[in-house]
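Visitor: Hey, can you work out the whole structure from these sequences and the hints?
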Amino acid sequence: MRVLSRFLYAVALPCLLALGWWFASRGSQNFFFPPLSGILSAFADVWFSAKIVEDVLPSVLRLASGYLIAAGMGLALGVPIGLSTRLRAYVEPVLEFLRAIPPPVLVPILILFAGIGTTMKLMVIVSGCLWPVLLNTIEGVRGLDETLGATTRAYRFTRRGRLVHFILPGAAPLIFAGLRQSLSIGIILMVISEMFAASNGIGFTIVQFQRSFAIPEMWSGIILLGLVGFIFASVLGFVERRVLHWYFGLRAAERNDT
15 MRVLSRFLYA
25 VALPCLLALG
35 WWFASRGSQN
45 FFFPPLSGIL
55 SAFADVWFSA
65 KIVEDVLPSV
75 LRLASGYLIA
85 AGMGLALGVP
95 IGLSTRLRAY
105 VEPVLEFLRA
115 IPPPVLVPIL
125 ILFAGIGTTM
135 KLMVIVSGCL
145 WPVLLNTIEG
155 VRGLDETLGA
165 TTRAYRFTRR
175 GRLVHFILPG
185 AAPLIFAGLR
195 QSLSIGIILM
205 VISEMFAASN
215 GIGFTIVQFQ
225 RSFAIPEMWS
235 GIILLGLVGF
245 IFASVLGFVE
255 RRVLHWYFGL
265 RAAERNDT
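Numbering (my numbering), first residue to last: 15 to 272.
Derived from the structure by calculation, the hints contain no laboratory data.
You may find that some hints are simply not true.
Claimed, not checked - So the derived label-pair ranges between C-beta atoms look like this:
1) Arg102 / Val249: 29 to 37 angstroms
2) Ala78 / Thr165: 33 to 41 angstroms
3) Pro94 / Trp35: 47 to 55 angstroms
4) Arg269 / Arg100: 35 to 43 angstroms
5) Ala114 / Met209: 20 to 28 angstroms
6) Leu71 / Glu106: 33 to 41 angstroms
7) Leu30 / Gly157: 35 to 43 angstroms
Using N, Cα and C, we set each Cβ at its ideal position, and we do this for glycine too.
Guide: Structure, rendered in structure tokens:
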């Protein structure tokens, strides 16, 4: 029952917006803003076809691969930087400089070094998704309870034990906040990377529709991107609820006490 109510809450607003769009665009004669019925018809014709394998699957695999690589790198670098005050003092100015560079401007440079294949697209996604995970991991590790840290040392926890039972659980709320930010950035960069010298992908297909003035098909690609983002966010939310069940339980208990 609880799962059903959450599902209804999640789909209620999108359904209302879609219904409003349907009636607002019904009978539209505007070439650039066709009725939603025409867009949905184009959606079925375009994406329920071989394009699922030719364009959608490569985009999803690139997004998932780049996102997971960035998450792994962010955790691997963020934990030691967050634990060491000296290391943090050395690297923070460099990190702040690199973070300020917009990832899309790196696309021409990455094309020079990595070509126009999958490697370039992965590097673009990783270059943007890395920073929210890395910086949130650093802040999460920095903010760990010093008393709990001293307790783990007093009980002679091994390094692995401190990492698994103290550091990662304590920093996990901020780490997942960074993962949520990275996901939206990754979807944007996936599309941008596919608009530059690509031969497949959702972004590439949307641009091709736009250039050939296939407007309903172009809108159908935009809707597909929204659905891809929704699915990825739902999966991440499911994992977050499983990993941070103790955190959400604690917050619920605190709200009940007040």
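Visitor: Confirm or reject the claim that Arg269 and Arg100 have a C-beta distance inside 35 to 43 angstroms.
Guide: 40 angstroms, holds
Visitor: Starting from the range 33 to 41 angstroms, see whether the pair Ala78 and Thr165 falls in it by beta-carbon distance.
Guide: 38 angstroms, holds
Visitor: The hint says 35 to 43 angstroms between Leu30 and Gly157; measuring C-beta to C-beta, is that right?
Guide: Hint holds: Cβ distance 39 angstroms, inside 35 to 43 angstroms.
Visitor: Check the following: the C-beta atoms of Leu71 and Glu106 are separated by a distance inside 33 to 41 angstroms.
Guide: Roughly 39 angstroms apart at Cβ, these two residues keep to the hinted range, so it holds.
Visitor: For the pair Ala114 and Met209, does the Cβ-Cβ distance stay inside 20 to 28 angstroms?
Guide: Distance hint for Ala114, Met209 holds at roughly 23 angstroms.
Visitor: So does Pro94 sit 47 to 55 angstroms from Trp35, Cβ to Cβ?
Guide: Given range 47 to 55 angstroms: holds, Cβ gap about 49 angstroms.
Visitor: Has the hinted range 29 to 37 angstroms been met by the Cβ atoms of Arg102 and Val249?
Guide: Holds, since Arg102 and Val249 (Cβ atoms, about 32 angstroms apart) stay within the stated range.
This entry satisfies every hint, going by the numbered hints stated previously.
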